[in-house]
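J.: Chains as they are written, first to last, in the numbering used here: chain A, 1 to 561; chain U, 562 to 817.
Among the chain U residues that face chain A by a calculated CB cut under 10 Å, a handful are:
no., residue
1, Glu705
2, Ser706
3, Ala766
4, Asp804
By construction, these hints were calculated from the structure, which means they are not laboratory data. From the three backbone atoms N, C-alpha and C, an ideal C-beta is built for every residue, glycine too.
Letter by letter, the chains look like this.
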Amino acid sequence: MIIEGGIVYDPRNGILGEEMEISIEDGRVVEESRDGDKIDARGMLVMPGGLDAHAHIAGAKVNTGRIMRPEDGRRGTEARTKLLRPQTGYTVPNCYAIGYRYARLGYTTAFEAATPILEARHTHEELEEIPIVDKGALTLFGNNWEVLECVRDGDLGKLAAFVAWGLRASRGYGVKVVNPGGGEAWGFGGNVKGIDDPVPNFDVTPRQIIRGLMRANEALGLPHSVHLHTNNLGKPGNYETTLETLRAVEDIAASRDRQVLHVTHMQFSAYGGTGWRDFESKAPEIADYFNRHQQFTMDMGQLIFGSATTMTADAPLEYGNARLLKAKWSNHDIELEESSGVVPLVYGRKMPINAIQWAIGLELALLTEDPWQMIMTTDHPNGGPFVNYPEVVALLMSRPKREEELKTLHELASKRSSLPSIEREMGWNDIAIVTRAGPAKILGLEEKGHLGMGADGDVSIYDIDPEKIDPSKDHEKVKAALSRAKYTIKGGEVVVRNGELVAVPQGKTYWVEASVPEDEAAKVRADLVDKFAKYYSIQISNYMVQDAYVTSPRIVRAGVI
Amino acid sequence: MREIRIEPRRKFLVPVEAEGISPDVLAPLTLEEIGRIEVWEGNRRSVLSDLFALSGDDVPGEAADARILLSGDFSRVKRIGEKMTSGMIEAGGDVGMHAGNGMAGGEIEIAGRAGDWLGREMRGGKINVSGDAGDYVGAGYRGESCGMRGGEIRIEGSAGDYLGEHLCGGKITVLGDAGDFPGIANRGGVIVIGGNAHLPGAEMASGAITVFGRARVLPSYQYQETVEIDGQSLKKFLGDLVDGGKGELYVASMEA
Numbered sequence: 001m002i003i004e005g006g007i008v009y010d011p012r013n014g015i016l017g018e019e020m021e022i023s024i025e026d027g028r029v030v031e032e033s034r035d036g037d038k039i040d041a042r043g044m045l046v047m048p049g050g051l052d053a054h055a056h057i058a059g060a061k062v063n064t065g066r067i068m069r070p071e072d073g074r075r076g077t078e079a080r081t082k083l084l085r086p087q088t089g090y091t092v093p094n095c096y097a098i099g100y101r102y103a104r105l106g107y108t109t110a111f112e113a114a115t116p117i118l119e120a121r122h123t124h125e126e127l128e129e130i131p132i133v134d135k136g137a138l139t140l141f142g143n144n145w146e147v148l149e150c151v152r153d154g155d156l157g158k159l160a161a162f163v164a165w166g167l168r169a170s171r172g173y174g175v176k177v178v179n180p181g182g183g184e185a186w187g188f189g190g191n192v193k194g195i196d197d198p199v200p201n202f203d204v205t206p207r208q209i210i211r212g213l214m215r216a217n218e219a220l221g222l223p224h225s226v227h228l229h230t231n232n233l234g235k236p237g238n239y240e241t242t243l244e245t246l247r248a249v250e251d252i253a254a255s256r257d258r259q260v261l262h263v264t265h266m267q268f269s270a271y272g273g274t275g276w277r278d279f280e281s282k283a284p285e286i287a288d289y290f291n292r293h294q295q296f297t298m299d300m301g302q303l304i305f306g307s308a309t310t311m312t313a314d315a316p317l318e319y320g321n322a323r324l325l326k327a328k329w330s331n332h333d334i335e336l337e338e339s340s341g342v343v344p345l346v347y348g349r350k351m352p353i354n355a356i357q358w359a360i361g362l363e364l365a366l367l368t369e370d371p372w373q374m375i376m377t378t379d380h381p382n383g384g385p386f387v388n389y390p391e392v393v394a395l396l397m398s399r400p401k402r403e404e405e406l407k408t409l410h411e412l413a414s415k416r417s418s419l420p421s422i423e424r425e426m427g428w429n430d431i432a433i434v435t436r437a438g439p440a441k442i443l444g445l446e447e448k449g450h451l452g453m454g455a456d457g458d459v460s461i462y463d464i465d466p467e468k469i470d471p472s473k474d475h476e477k478v479k480a481a482l483s484r485a486k487y488t489i490k491g492g493e494v495v496v497r498n499g500e501l502v503a504v505p506q507g508k509t510y511w512v513e514a515s516v517p518e519d520e521a522a523k524v525r526a527d528l529v530d531k532f533a534k535y536y537s538i539q540i541s542n543y544m545v546q547d548a549y550v551t552s553p554r555i556v557r558a559g560v561i
Numbered sequence: 562m563r564e565i566r567i568e569p570r571r572k573f574l575v576p577v578e579a580e581g582i583s584p585d586v587l588a589p590l591t592l593e594e595i596g597r598i599e600v601w602e603g604n605r606r607s608v609l610s611d612l613f614a615l616s617g618d619d620v621p622g623e624a625a626d627a628r629i630l631l632s633g634d635f636s637r638v639k640r641i642g643e644k645m646t647s648g649m650i651e652a653g654g655d656v657g658m659h660a661g662n663g664m665a666g667g668e669i670e671i672a673g674r675a676g677d678w679l680g681r682e683m684r685g686g687k688i689n690v691s692g693d694a695g696d697y698v699g700a701g702y703r704g705e706s707c708g709m710r711g712g713e714i715r716i717e718g719s720a721g722d723y724l725g726e727h728l729c730g731g732k733i734t735v736l737g738d739a740g741d742f743p744g745i746a747n748r749g750g751v752i753v754i755g756g757n758a759h760l761p762g763a764e765m766a767s768g769a770i771t772v773f774g775r776a777r778v779l780p781s782y783q784y785q786e787t788v789e790i791d792g793q794s795l796k797k798f799l800g801d802l803v804d805g806g807k808g809e810l811y812v813a814s815m816e817a
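Using the sequences and the accompanying hints, generate a full structural model.
T.: Structure, rendered in structure tokens:
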């Protein structure tokens, strides 16, 4: 296949809006294609396929959201067609709808952001049913008893061996840490209040857990860094905890050419104020820190007005949400590993807190100077559903659009944030970084997010001419074009044409196989035999995700030997 | 005023989904075009004229000037008047579930009985039922946090269980009895029951429920005073205290 005449943005290879041909053969980008298929992309924007590095799209808590929200299922129903299966839902779509809707946006890869090992089989059952896109899942480690004990004992070798084992047991891709220590404390109705607050019964602090897991992550040389959901997330004044956390790990070095820590959905961790009354944005302080510390990255967690379903392993946070909003609440204890919660809510334009939160996400993205440190996300469906990505892109590219929106919001959005004074408008190169090249580099996916030789043949083509359209003025056109890709090409196959799905192939699932010294692995096995005998509700032989649950794996090797 | 008459051609054994029977949909169409509107009979796709005989004025007009007359048995026909904003529907007999679903304006007059979910998530307009109504009148459908937000429903007979569940506004009047849990999770609506009711106002946050007959009152309601309404003396309660509610409950006669 040859894509002809398009205006290509491929930041990783230094291509900034050049008219060029792209050839794809056997699912990969090549010098020259032998078959005669041609796609006429003249006057159109061509980018690598989009990559969502943080979304909640599969697994137990997503399904809990669906069960709790039949009313959400009724929104966004589409009948089956000869090609497509039935679709339901807006914030918690069914598996098919997730794949179809990503493809229509020009996205070809999406990562599930939080999977407890115990529930990983469920995650993979759903990932298998999400069509088209390539997938992966990050595994939760931040409240696991084995992790807490290794950290307490200062046994880094055993911790690394457990992380490797946990990734294999869950067929996971990376180390996710959510409110470290807080999830365990929640088992006793408590929480941790900061990074030096000890975890009940374990004599460790969140600071030690984060440092231990980061050092284990780097010892194993995993493709992705630790992916952190900070302590005190969602609380006024939490920017201090966030900065304290980052300062606590400044001395740790990355073992690969990537960040050493990814702080996720930063919008929820950049709050000032002593309570909800004097709640304000501290995004400039956070962005300023990132501008001076290139070893860290973040994603936006942009808020979208309307319906959302919050779901997180941060169970005490969800308890607070449910109480504050008198909303439906699901609370879950995951044995020795985590806790979790789900709460549906509505973000209102005239709600002062929500309006300020909306501004914070945009401030973070615009004030962080290096786009390679930033990923565009909505923390789907916590900040809002991923189908709103074109809206976020339009906001990043157009100051007039931001001003129009601000006029419809509660006035505190302008008074308690710096957004009105921000002039920056992202260009197409920035957008290609924050939605494609950046997340691929941050996740450590060599063959994704670019269109160089050997890259995956994942391409999105939008019916918009970057040389003729001024996104600042024509933000409506930008949003419309990005909402329905002209073409989405996945692994060299056209899956979307003129905004409609034309093929539904099955994507692959990434997971990381990390090798560790046998003596360390043996120590972990001995510990686990004891834990399963004493505490788990299931046998260790029924715990591991079997190969049958990952039918199209893409295994990435790492490890210390 | 334009009259459109609709009559079933036969007795339906499985439910018919006919959300097209609404002044907003039918008024701008000729009778022939109306006949081509899609309806589902169970899992079979069909058109309106296959299942119903259509007659009346043939000249398209405004919804506000349309009067749809339903004669015959519509007890298995669902979603009549769904999302209507103006005009009039008159049913000579019974109607099926979900009549007046999400309606925002206009009027529905039902001479017979109404099925479950009458006027669910209604925004405005009026519904009058001469006979009884089923369960979940004016309620929110599964998972919704708000049922009826505005408008008025009047039932001359009795209503089933969960009358006005999750009400967020509007008024429901039942001249007869109501079943279990009327006004459950009420958030600002008004319910008046002429007859008896069982455990009204569970989880009520705000709004008012008045029972002129006998009712069993939940222990989480706090007695306030005796008040006079329409010449009758009623006991006033506040609750539901388990949810810190400030709803008002008036009951004429207490069931032990």
